[in-house]
Structure formats: C-alpha cells, structure tokens
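K.L.:
The lines below spell out each chain.
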Amino acid sequence: GAGVSQSPSNKVTEKGKDVELRCDPISGHTALYWYRQSLGQGLEFLIYFQGNSAPDKSGLPSDRFSAERTGGSVSTLTIQRTQQEDSAVYLCASSPPTHYYGYTFGSGTRLTVV
Amino acid sequence: AQSVSQHNHHVILSEAASLELGCNYSYGGTVNLFWYVQYPGQHLQLLLKYFSGDPLVKGIKGFEAEFIKSKFSFNLRKPSVQWSDTAEYFCAVKDGGYQKVTFGTGTKLQVIP
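Chains A and B, in that order, give the protein sequences.
Residues in the first sequence are numbered from 1 upward in steps of one, following my numbering.
Residues in the second sequence are numbered from 1 upward in steps of one, following my numbering.
Some hints could be false.
Derived DSS-like pairs: lysine-lysine, alpha-carbon spacing no greater than 30 Å straight-line [to be verified]: (1) B:K49 with A:K57; (2) B:K69 with B:K49; (3) B:K58 with B:K108; (4) A:K11 with B:K69; (5) A:K11 with B:K108; (6) B:K58 with A:K57; (7) B:K58 with B:K71.
Just so you know, these hints were derived from the structure itself, not from any lab.
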C-alpha cells in the first residue's frame, strides 16, 4: 500500500479484556517496529521484526504483550488482560533494511482501557 | 542502553523568531541521528537525518540540525519559524549496528501568529 496502515484507529476496552492491534506495513519494507506513545513519555520501543530473523522483543513491558508477523508482512500486537496503564497510542512503523530513509509511521491505534 | 534527552518540553515562539531545540544522547559510538515531526492530527514524519559526512544537515521546510560529536548533541534549528511549524518534534538516535531507534520525549512547539 501507499503507507503504513493500522487498525483499529481507536479502541476502548474494559480492564481485563484482551485486545489485538493490526499493522499493515509498506509493501517491500522488511523491517517493522511497534512503539507506544504515552502522554509525556515520548515513544517507547516495544518490538522489532526484520525479515525472517528472530524479533527483538526487548521492549515489551510484560508477558501480557506479544506480537507476531505473518509472512513477513502484516503484524499483530496482542495485549492480554489489559490494565489501565496500557492506555496509550500504539504506533507501527516500517522501513527498508538499510534504514537510510528513516521510518514510515502509521497513524496509530489509540487504546483506552476503562 | 541508549537514552535521548530533549530538554525543552514546551516552547512558545512568535512568528519570525528563531528556533533551537536541544537533543542530547548518551551512547558514544557510531550513531545515526534523526528528527521527526508530528503536526496536529497527523502521523510522525521524518524531518531530517544524519548518517555521515557534513555534520550540518538540512531538512525539509527550512529546518537544519548540527551534529556535535564531542557534545553528544544534535540540535534542531530554524532561523524564522512560521505558524505552520506548530507541532511536536522528536529527536531519535539509532546505534550503529543495531536496528532499534530510541526516541526522546518530544518538544511541543507552539508558534503564535
């Protein structure tokens, strides 16, 4: 596609429920990243996928968070048993392998846990 | 681990004023440096980047940034801001050899007409 597509754009969920967030990167971009943007916290790295290599999961805040990338394209970020502190904007970005042109970001999913 | 500091959280300027936003990082090895901008209601987009060569880099919309290795800094500048520059600006650093990019907490710039 022309850009990075994320869905849903907004999600309100009850505490304790599971949520799935989807990212469809730019075609041909082998690298895919998830970040979390909280008020006043900047962008917090969550996970990184590069081609068929094992993902870098070093930023996932707890074992309630997981992500997968099927077929080297679409990625799903899953948050189990959501907590109020999970409320944030979840951003997906993709890039070619060299990173020379920086990331292309999606518009994000605003998650609100009530 | 790499960390990125943006000292100004909220900056208010009048149109035509000069802008300088500070950015410092902690890791002293080979780095790639970026400034991203997020206009109201829009997604993050790349403003400019430094990979190698001339430490003074020019980006879109008249912005420039200077990489000073000895100071671990990559400050963003613009000689004369416009109302349309109102946005949030993020400094970001990629450590050489790694793919992860670390972002600062952002600076909100408000330009008053």
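K.L.:
For each hint, tell me whether it holds in the structure or not.
P.N.:
A quick look at each hint next to the structure:
1. Pair hint K49 of chain B plus K57 of chain A holds up; C-alpha atoms about 26 Å apart against a cutoff of 30 Å.
2. With a C-alpha separation of about 15 Å, the suggested pairing of K69 of chain B with K49 of chain B holds against the 30 Å cut-off.
3. A hinted pair counts as satisfied when its Cα atoms are at most 30 Å apart, and K58 of chain B with K108 of chain B qualifies at roughly 21 Å.
4. For the hint pairing K11 of chain A with K69 of chain B, the CA-to-CA distance comes to about 42 Å; that exceeds 30 Å, so the pair is violated.
5. The suggested pairing of K11 of chain A with K108 of chain B holds, with an alpha-carbon distance near 25 Å, which does not exceed 30 Å.
6. Only pairs whose Cα atoms come within 30 Å are accepted, and K58 of chain B paired with K57 of chain A is rejected, the gap being roughly 34 Å.
7. Distance hint between K58 of chain B and K71 of chain B is fulfilled; the C-alpha atoms sit about 20 Å from each other, no more than 30 Å.
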